[in-house]
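Participant: This is what each chain is made of:
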Amino acid sequence: MTKEIIKIENLKRAFTMGSETVHALKGINFTINEGEFVTIMGSSGSGKSTMLNILGCLDQPTSGNYEIDQVKVKNLSRNQLATIRNEKIGFIFQSYNLLARTSAIENVELPLLYNSKVSTEERRERAINALKMVGLADRLDHTPSQLSGGQQQRVAIARSLVNNPVMILADEATGNLDTRTSYEIMALFQELNKKGITITFVTHEPDIATFSNRTIVLKDGNIIQDYKNNKVLSAAQELAKLPQQDH
Amino acid sequence: MRLLNLFKIAFKAIILNKTRTLLTMLGIIIGVASVIAMLAIGEGSKESIRSTISSMGSNMITIRPGTDTRGPARGSGGDVQTLTLKNYEVIKEQANLLSYSTPVVNGSGQVINGSNNWPSTIYGVNPEYLNIKVVDLQSGSMFTNAEVKSAAKVALIGQTVVDNVFPDGQEPVGKMIRFNNIPFKVIGVLEEKGENTFGQDQDDVVIAPYTTVQKRILAIDYLNQIMASAVSEDDAPEAVTQVTEILRTQHKLQDYEDDDFSVRSMEELISTFSSTSEMLTLLLVAVASISLLIGGIGIMNIMYVSVKERTKEIGLRMAVGGKGSDILMQFLIEAILISITGGLLGVILGLGATIFIEKFLNWPTSVALYSIVISFAVCAVTGIFFGWYPARKASSLDPITALRYE
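The listed protein sequences derive, respectively, from chains A and B. Residue numbers for the first sequence follow this note's numbering, so the first one is 1 and each next one is one higher. Residue numbers for the second sequence follow this note's numbering, so the first one is 1001 and each next one is one higher.
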């Protein structure tokens, strides 16, 4: 039996804006199993960001049930949520969010600094391994300003991997990159997914969805589509089809 | 482990903003340095006052008649005739905490030697006077008790008097001088003492047996004062009480009556003058403390800006698992590190300034250990106090808003 990483039942989230109540999510149900590569799509205002915040344990649902790795998130305190984020989730952001003037390795070490179970030596070792996995073994001491956008996003991916999360949560992770670099990053994601890492990718770009094996489409706070992708494209092959760049 | 990590993070943030951190520290550095320097100057002047007064005889006790409160008109202390030789003798006999004592009568007049003359003051005392005032003789010898008894016309003179009435460098000992037309034989010259703290020339004196001065110059039978010295400096306050008791009995004062005399020890004089300089020190320290306070506000300001500037970073730290308390500690540690480092540099600068003042301005200084401890402790507390508000603000940020902050 496959393990359920995410289990969402009748999840609702409402915001009170003055006297008005905005229902951002109106009763969502889905589960994500271990090893899946899911894209959550939707235009702006669809409840995509709200979904992302809840999935990332940055926000709490108004009602309904959310479990990550068999842990019920509802009613957890701020500090307990922080621990869940630290141990179970790897975040990747559109704008990389690396610490400026801080080396790649120190950026990758960051989540482990907040985990007192990890020793200094282990922290360094795991950071180096994570950077090797994203192909930046020779860039350990480079600061973000010395790295290209794609390399910076790779550092961010390494950072999301370093705590061995149950799921990587990417928010428009290719949004700031050109097509070629986007495909490179997607190829990396596919490679990581093949190794068994569960990935949830929030995006509004349809072509990104073609690289994942499942797509959930949100509209006005409801799921309008949830389908398996039978014909997953290989990002590495698509990359090869792109016209060669002149150097 | 966790605290050590937070310490590393805070340290890293400080290193990344060297210039800004240094400028922030400047307030604290100047504050601490000036507190230390001001206290050193204050302590120094207090000590110098103490040592000058001590050189005048720190065990010294003076007994003066008080103002006459019985009549409608009040005279000055010296005019009252309540202090008698009898009082002196009883004090000498009964006050066992006194090692030396002498009756004192004094008057002013003209010292004449041939065509030279000089206005001076004559002090009628007994031989113990030298021990009380801690004066040595430059030449000659002190008069004896026998000479006191016989009211001999012998005198010792101070250097200022020598300079003015023996201008051509003659040896004064053995010569005759006249004081208010009474001839005295000079039997000794007092060692030079210079001016005292209050600008009084201590060498402008003529010393003679009190009997002689009483009978031949002033024609009085009472005393202007009694001088004594306590067995030791520590016994001085006790000796004052003892003398007061004896004199009250002697003067047959009832319990409800005030003393008609005053007994003062040098110790009291020291504390009077010390309290003035303490006031001044306090004032200086108050001003310096304000600069320390402003330094603290500087830290708060910079930390506040830093929190704003690093909102996104704070959001990220929270997203990857930093708890509110971690963020709070990070910024608090940063503020404390800034203030403690500033404090340390301030101590060094303060000590340097003190040495400079001592060496180049020739002001007496004395660095008290407590001033270093206090100012250092104050700046650590300042760091916590002023770092708390911005750190608190950082820790209470909502991670979602913080991550989206541009």
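It is worth saying that the hints were derived from the structure and are not from the lab. Quick caveat: nothing in here was measured; it's all calculated off a predicted structure. Some clues are possibly wrong.
As the list claims (entries may be wrong) - Calculated cross-link-like contacts (lysine-lysine; reagent style DSSO-like; alpha-carbon spacing at most 30 Å):
id : chain 1 : residue 1 : chain 2 : residue 2
1  : A       : K88       : B       : K1215
2  : A       : K88       : B       : K1252
3  : A       : K231      : A       : K3
4  : B       : K1312     : B       : K1008
5  : B       : K1393     : A       : K132
6  : A       : K117      : B       : K1012
7  : B       : K1312     : A       : K74
8  : B       : K1393     : B       : K1312
9  : B       : K1086     : B       : K1012
Claimed, not checked - Covered by chain B, per the in silico footprint, the following chain A stretches (three or more residues, Cβ under 8 Å):
id : segment
10 : 52-66
11 : 74-88
Positions of the beta carbon are idealized from the N, C-alpha and C atoms, including for glycine.
Participant: Decide, hint by hint, whether the structure agrees.
Facilitator: To see whether the hints hold, each was checked on the structure:
Note on K88(A) and K1215(B): the hinted pairing is violated, with a Cα-Cα distance of about 109 Å set against a maximum of 30 Å. For the proposed pair K88(A) and K1252(B), the alpha carbon gap of about 96 Å is over 30 Å, so the pair is violated. For the hint pairing K231(A) with K3(A), the CA-to-CA distance comes to about 24 Å; that is within 30 Å, so the pair holds. Under the criterion of a C-alpha separation no larger than 30 Å, the hint pairing K1312(B) with K1008(B) is consistent with the structure, at around 19 Å.
Pair hint K1393(B) plus K132(A) does not hold up; C-alpha atoms about 38 Å apart against a cutoff of 30 Å. Between K117(A) and K1012(B), the direct Cα distance comes to roughly 22 Å. Compliance with the 30 Å bound is thereby established for this hinted pair. Proposed proximity of K1312(B) and K74(A) is supported: the alpha carbons are some 26 Å apart, at most 30 Å. Annotation: proposed proximity of K1393(B) to K1312(B) holds, straight-line Cα distance about 14 Å (limit 30 Å).
For the hint linking K1086(B) to K1012(B), the alpha-carbon distance of about 83 Å lies beyond 30 Å, and the restraint is violated. Check on the segment 52-66 of chain A: 4 of its residues sit with their Cβ under 8 Å from a Cβ of chain B, so the three-residue criterion for coverage holds. Counting residues of the segment 74-88 of chain A whose beta carbon lies closer than 8 Å to any beta carbon of chain B gives 7, which meets the minimum of three for the stated coverage.
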